[in-house]
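J.: One-letter residues, chain by chain:
2 protein chains.
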Amino acid sequence: MHTDYGMRITGIAAYASPRVVTNDEIAERLRLAMVQLDGRLTRERGQGLGADERRKFMTNPRWIQKSIGFTERRFCQPGMGTIDLAVEASRLLMNRTGVPPTSIGAILFGTVTSSYLYSPPDAALLQEALGIPAWDGALPRETFGADVALACSTWGAALRIAYRFMDEVEHVLVIGADAMSTAISWHDRAFACVLGNAGTATLCSRVPPEQDWFGSERFFSWLDGSRADVISTPVGGSKRPLETHEELDTYQHRLRMDGARVREDMVPFISGPGIDAVLTKARLNLADIDHLVLHEANVVLNRGIVGNWQQRGFRGAALDAGGRFGNTTSASIPLALALNPDALRIGKTIALVAFGGGYSMNTAIATIKHPFPVWANV
Amino acid sequence: MHTDYGMRITGIAAYASPRVVTNDEIAERLRLAMVQLDGRLTRERGQGLGADERRKFMTNPRWIQKSIGFTERRFCQPGMGTIDLAVEASRLLMNRTGVPPTSIGAILFGTVTSSYLYSPPDAALLQEALGIPAWDGALPRETFGADVALACSTWGAALRIAYRFMDEVEHVLVIGADAMSTAISWHDRAFACVLGNAGTATLCSRVPPEQDWFGSERFFSWLDGSRADVISTPVGGSKRPLETHEELDTYQHRLRMDGARVREDMVPFISGPGIDAVLTKARLNLADIDHLVLHEANVVLNRGIVGNWQQRGFRGAALDAGGRFGNTTSASIPLALALNPDALRIGKTIALVAFGGGYSMNTAIATIKHPFPVWANV
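Here the protein sequences come in this chain order: A and B.
Residue numbering for the first sequence is 1 to 378, as defined by this note's numbering.
Residue numbering for the second sequence is 1 to 378, as defined by this note's numbering.
Hints listed in this document are in silico derivations from the structure and should not be mistaken for laboratory results.
The C-beta atom is built at its ideal place from N, Cα and C for all residues, glycine as well.
Check before you lean on any hint, since a few could be wrong.
Said to hold, decoys possible - What follows is a set of in silico ranges between Cβ atoms, one per label pair, in the way DEER data are often shown:
| # | chain 1 | residue 1 | chain 2 | residue 2 | range |
| --- | --- | --- | --- | --- | --- |
| 1 | B | PRO100 | A | ASP249 | 43 to 51 Å |
| 2 | A | ARG303 | B | ARG91 | 56 to 64 Å |
| 3 | A | ARG303 | B | HIS370 | 51 to 59 Å |
| 4 | A | ASP265 | B | ASN308 | 51 to 59 Å |
Claimed, not checked - To be clear about the criterion: a stretch of chain B counts as covered by chain A if any three or more of its residues have a C-beta under 8 Å from a C-beta of chain A, and this derived list gives those stretches:
| # | stretch |
| --- | --- |
| 5 | 21-31 |
| 6 | 93-104 |
| 7 | 144-153 |
| 8 | 258-266 |
Okay, chain A solo, but in the shape it has when bound (with noise of 0.2 Å):
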């Protein structure tokens, strides 16, 4: 393998939409669900909700604290979707390290809650929002744009994308951003206790060889789709397009999750295996790590997986979002990365390991070469 480029990051913005959404409004709007769908089927069958089925909407703030670890998370107005969140953190972010818009050679954007169906992309969106310019006189202006998206490893997957398109352009903004309130089904509360709105920009600058923050060998990807009933949409993709008031009614086209079988299958795995192929493949030891960055899937979780990683030999910190904004999908890594900025500092090694959906799993190490600023509107 050669490079005869590197990559650093110049810097990162987050933007929380400024609604703050407490475990107490989750609880209760579950609640308000589960009386309504009961009221209803009382009604059109004689009959309403059974135990079981009542279960599925029970929780209470302590327990959402206590199980999960989330204290707090931000939802977008409405009419705010993933689109003005990355635009909102972009800004941000130009503004902050100067670079114009003329600079940015490639949008990657990464997101699961893309703004629109199928058209027009988010990339393109932000293309205009931030005034990339579209034209260079009478010609086109060349500008890369892509959604990417791979689940909770969406950001993984878009930063080793960014990497590789160092030797073309000089400048990738690499988009973190979801929406992920508007795939919450209210009738279920395993996702409604967790996830959360955020928005991240990341600049991804190239660097001379000798100063590469990464290199190919500290990248590391993972697919197992025969676990993918574990994390999944039933309705509303083109496997089964939504068609009948009662799949909408009964949110059939929202994201479910077996929160159980994810902790049972992805603690031993980010703890042992996934972690050793990671570091196999970087030489790199458990102790050559700064910092971990997990993607903030669930708090408790993520602390079982530490625990782990320091039975093994990890002496860093674990550095994260501190439970108050939710699983934010693609946007958890550089946000929790944008709330610790006395961290990042030159010479600590980061790992950043993205994980979900699918399974998938896309890990980072960066070791810190360059003032690495970053700025959060929270």
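Given the structure of chain A, go ahead and fit chain B onto it with the hints provided.
T.: Showing chain B alone in chain A's frame:
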């Protein structure tokens, strides 16, 4: 710019569903939807559709063939989605090329009609379906994967990412697959007359630099989000989630297009400054292009572009799917290649031009330097 590797296409396979849908059937289905809606509105508000509203449903086979150029298209059977189209095409590709699943280092799954919303990603489903191993003994086996979308330019974007990955992996499987029937509003003839379903699989393989079919300068990408509203989906993305029965009943979650505007904007663009920028970057002239493959958005529109190219010095042939498959979005360019095996001879230079929603454009120019086998089930 430096490359120490190149890329060839080892083969392309295309799969179209067996079910042929004629223009007659499309016109009849639109008529039925009109009658149903008219009846419902008459019952609910005492007044049916007005003349202007009725016009959006009215078409006839002659008009479709004359004005758009499609004679038929394929739709999936119910229960089949994008992943099924991709699996069929990929199996055909791997059987015929003899490349084993263990050789695939990356899957770039180009689609705008993901099989599932949010999760699981199609890349993971395909890894599992093809038997690409998730494990190598006790450690996870590395496969890069991502779902990639950029409206009608999706396949071009995925191909360009594949080229960048040649530095790291020997074979990249590029999927272009869409079940566009699931994006049709049956209350609007604009896309109903146009869209079709197909899956394609393209095997991109590393070769020494002197055997490269491409070169960095032979890819061009463009975004112009200022005209994002021309091809867009009102409801169902994170910007405006699908919430009401009325939205569902009136197909607000399906794709819309201002067809006249697309023609007005795209024909002059692809005929003029669009191709000029592509050729300037590639240091080629129109006379150097032996074959042109345009995204088959609309046969009549494409004929206009080819005519304009010919006036400007293009002496080659346009390769297409003959108007028999509709606009298959991410599948259209590889499908056209797969249906024209005799044209794909060593020494020929082919311009692959994807364009559409966003607006966006992604082009690649390939000079064939090895045998270029293609297969199709039709």
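J.: Give a verdict on every hint.
T.: Consistency of the hints with the structure:
Taking 43 to 51 Å as the suggested C-beta distance range, the pair PRO100 (chain B) and ASP249 (chain A) conforms, at roughly 47 Å. Distance hint check for ARG303 (chain A) and ARG91 (chain B): the Cβ-Cβ separation is about 43 Å, which falls outside the suggested range of 56 to 64 Å. Between ARG303 (chain A) and HIS370 (chain B) the Cβ separation comes to about 53 Å, which falls inside the hinted range of 51 to 59 Å. Our hint of 51 to 59 Å for ASP265 (chain A) and ASN308 (chain B) holds, since their Cβ atoms are close to 56 Å apart.
Beta-carbon proximity to chain A at under 8 Å applies to 0 residues in the stretch 21-31 of chain B; the threshold of 3 is not reached and the given coverage is violated. Counting residues of the stretch 93-104 of chain B whose beta-carbon sits less than 8 Å from any beta-carbon of chain A gives 0, not enough to reach three: the coverage restraint is violated. Three residues within the 8 Å Cβ limit are the bar, and the stretch 144-153 of chain B against chain A gives 9, so the coverage statement holds. Taking a C-beta to C-beta cut-off of 8 Å, the stretch 258-266 of chain B contributes 0 residues in contact with chain A, too few for the three needed, and the coverage statement is violated.
Violated hints, listed in ascending order, are 2, 5, 6, 8; each of the other numbered hints is respected by the structure.
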